[in-house]
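For chain A, the structure is supplied; the task is to place chain B on it using the hints.
2 protein chains.
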Amino acid sequence: MNSESAEIITAAVLVIGDEILSGRTKDQNIGHIAERLTEIGIDLREVRVVPDDEPVIVDALNALRSRYTYVFTTGGIGPTHDDITADAVAKAFGVGIDHDPRAVALLSEIFPAASLNEARMRMARLPDGSDLIVNTVSKAPGFRIGNVHVMAGVPKIMHAMLDEVLPTLRTGPKVLSETILANAKEGEIGTPLGDIQAAYPSASIGSYPFQNEAGYNTNIVVRSRDPEVLAQAASDVRSMLAAIWESRGQ
Amino acid sequence: MNSESAEIITAAVLVIGDEILSGRTKDQNIGHIAERLTEIGIDLREVRVVPDDEPVIVDALNALRSRYTYVFTTGGIGPTHDDITADAVAKAFGVGIDHDPRAVALLSEIFPAASLNEARMRMARLPDGSDLIVNTVSKAPGFRIGNVHVMAGVPKIMHAMLDEVLPTLRTGPKVLSETILANAKEGEIGTPLGDIQAAYPSASIGSYPFQNEAGYNTNIVVRSRDPEVLAQAASDVRSMLAAIWESRGQ
Numbered sequence: 001m002n003s004e005s006a007e008i009i010t011a012a013v014l015v016i017g018d019e020i021l022s023g024r025t026k027d028q029n030i031g032h033i034a035e036r037l038t039e040i041g042i043d044l045r046e047v048r049v050v051p052d053d054e055p056v057i058v059d060a061l062n063a064l065r066s067r068y069t070y071v072f073t074t075g076g077i078g079p080t081h082d083d084i085t086a087d088a089v090a091k092a093f094g095v096g097i098d099h100d101p102r103a104v105a106l107l108s109e110i111f112p113a114a115s116l117n118e119a120r121m122r123m124a125r126l127p128d129g130s131d132l133i134v135n136t137v138s139k140a141p142g143f144r145i146g147n148v149h150v151m152a153g154v155p156k157i158m159h160a161m162l163d164e165v166l167p168t169l170r171t172g173p174k175v176l177s178e179t180i181l182a183n184a185k186e187g188e189i190g191t192p193l194g195d196i197q198a199a200y201p202s203a204s205i206g207s208y209p210f211q212n213e214a215g216y217n218t219n220i221v222v223r224s225r226d227p228e229v230l231a232q233a234a235s236d237v238r239s240m241l242a243a244i245w246e247s248r249g250q
Numbered sequence: 001m002n003s004e005s006a007e008i009i010t011a012a013v014l015v016i017g018d019e020i021l022s023g024r025t026k027d028q029n030i031g032h033i034a035e036r037l038t039e040i041g042i043d044l045r046e047v048r049v050v051p052d053d054e055p056v057i058v059d060a061l062n063a064l065r066s067r068y069t070y071v072f073t074t075g076g077i078g079p080t081h082d083d084i085t086a087d088a089v090a091k092a093f094g095v096g097i098d099h100d101p102r103a104v105a106l107l108s109e110i111f112p113a114a115s116l117n118e119a120r121m122r123m124a125r126l127p128d129g130s131d132l133i134v135n136t137v138s139k140a141p142g143f144r145i146g147n148v149h150v151m152a153g154v155p156k157i158m159h160a161m162l163d164e165v166l167p168t169l170r171t172g173p174k175v176l177s178e179t180i181l182a183n184a185k186e187g188e189i190g191t192p193l194g195d196i197q198a199a200y201p202s203a204s205i206g207s208y209p210f211q212n213e214a215g216y217n218t219n220i221v222v223r224s225r226d227p228e229v230l231a232q233a234a235s236d237v238r239s240m241l242a243a244i245w246e247s248r249g250q
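As given, the protein sequences belong to chains A and B, one line each in that order.
For the first sequence, the positions run 1 to 250 when UniProt numbering is used.
For the second sequence, the positions run 1 to 250 when UniProt numbering is used.
This is chain A alone, in the form it adopts within the complex:
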């Protein structure tokens, strides 16, 4: 169970992998983690994507873990030479790394001794002081050390690991949101929408243009942790839109 407090809980995601930066693999993890964290009341504040390059991973991880309540990494925990996340995390924390008996035991459940080769045993190497993150899909675990959660890059496995991690996290007051279809172009509503934003500094009002068969349109998203502020700001947005629609009829 999450323990919710009045404190704002923040997070960053660190995506590790040359294949994302080359464009070969399109990331599917950032959006999923973002959505799940928002749902439970954790503010995702930053995402970084870095290559399979140890000093770069170490620097990014140290920057993020000192700045946010939690960090979630994806990628680089498989059995091949380019899987260097565990080593980079150990270096970032300044701790040793070795085969973890709990992780070895998990791998032994799926690999007979003859196939538990050196490469597969790499997946049992964890930084000293880590806790395991259960992998219900393919056994090889992720791990948590300090405020950093290290997960697989394969989306299906990452999703399963995140399911294990989320209930262990502290959460803050959820950001509530309401989406209002403007039936107007962004440029028509920009000035009055800015006035409403100014009137509700504790809400955050976003304006998202899109285009479909019917032409240009806009979604307005009002967000606040306070349900009353949300309701009032959303009501003002609706009145503003009604006035704009009305003025077109004249």
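Calculated directly from the structure, the hints in this document are not laboratory data.
It cannot be assumed that every hint is accurate.
A pair holds if it fits inside one copy or across any two, identical chains being indistinguishable in the list.
What the hints assert, rightly or not - Listed next, the in silico DSBU-like pairs over lysine-lysine satisfying Cα-Cα at most 30 Å (straight line):
1. 91 <-> 174
2. 139 <-> 26
3. 139 <-> 174
4. 174 <-> 156
5. 91 <-> 156
6. 91 <-> 26
7. 91 <-> 139
Frame of chain A; chain B shown alone:
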């Protein structure tokens, strides 16, 4: 036309927008930019996603623009109060910002004077010293200042702006790549694949597991700027795989 040199040209992407961090909008721009840069011989080295928060944007932009040859930003250049990218870029460069006559002229082409309101005029506010990036989709331009290219967040518009920008960039030697389907699990090939990587330090060999109806499989991607190194390393990978398949038949 791109001017290709032996120098390695690097880049970073800065995605700006609360809606990506809340998970409401799933980013579609990172993968596209990554692919296009790789194609023309520019190494994408880092991506960051930050919220609509001026000091945070300024810090990220200054970190990235000092570190890489080029920076590409997406998002936050529309007509509403939450579009603060141009102001943040001006602040990062320590220059003023004002309505740019060239941008005003472009907006005047599509908006009659009566609808070119204060909100829409925001889209003509550019940092001093900027060049315009043509927007063939909806006119409101992006802009370039120094090594920073500021583009829209709406994918269709961003794609069009990137088409304009790419031919103006310096490029380096392209990274060539070959993808080899392993017909093996990652853990079967990890050790010999690491040996091949060690034999070709100027190549970069990645191993990407995936799962389909037939079970677990792996793509091996060999990358190098040198076609001969690429061919030799790829050939060694194929021989290694053939030996593994052969050993299964015994």
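Hint check:
| no. | hint | in the structure |
| --- | --- | --- |
| 1 | 91 <-> 174 | neither (34 Å within a copy, 32 Å between copies) |
| 2 | 139 <-> 26 | both (24 Å within a copy, 29 Å between copies) |
| 3 | 139 <-> 174 | neither (32 Å within a copy, 38 Å between copies) |
| 4 | 174 <-> 156 | within (26 Å within a copy, 32 Å between copies) |
| 5 | 91 <-> 156 | within (28 Å within a copy, 41 Å between copies) |
| 6 | 91 <-> 26 | within (28 Å within a copy, 32 Å between copies) |
| 7 | 91 <-> 139 | within (25 Å within a copy, 49 Å between copies) |
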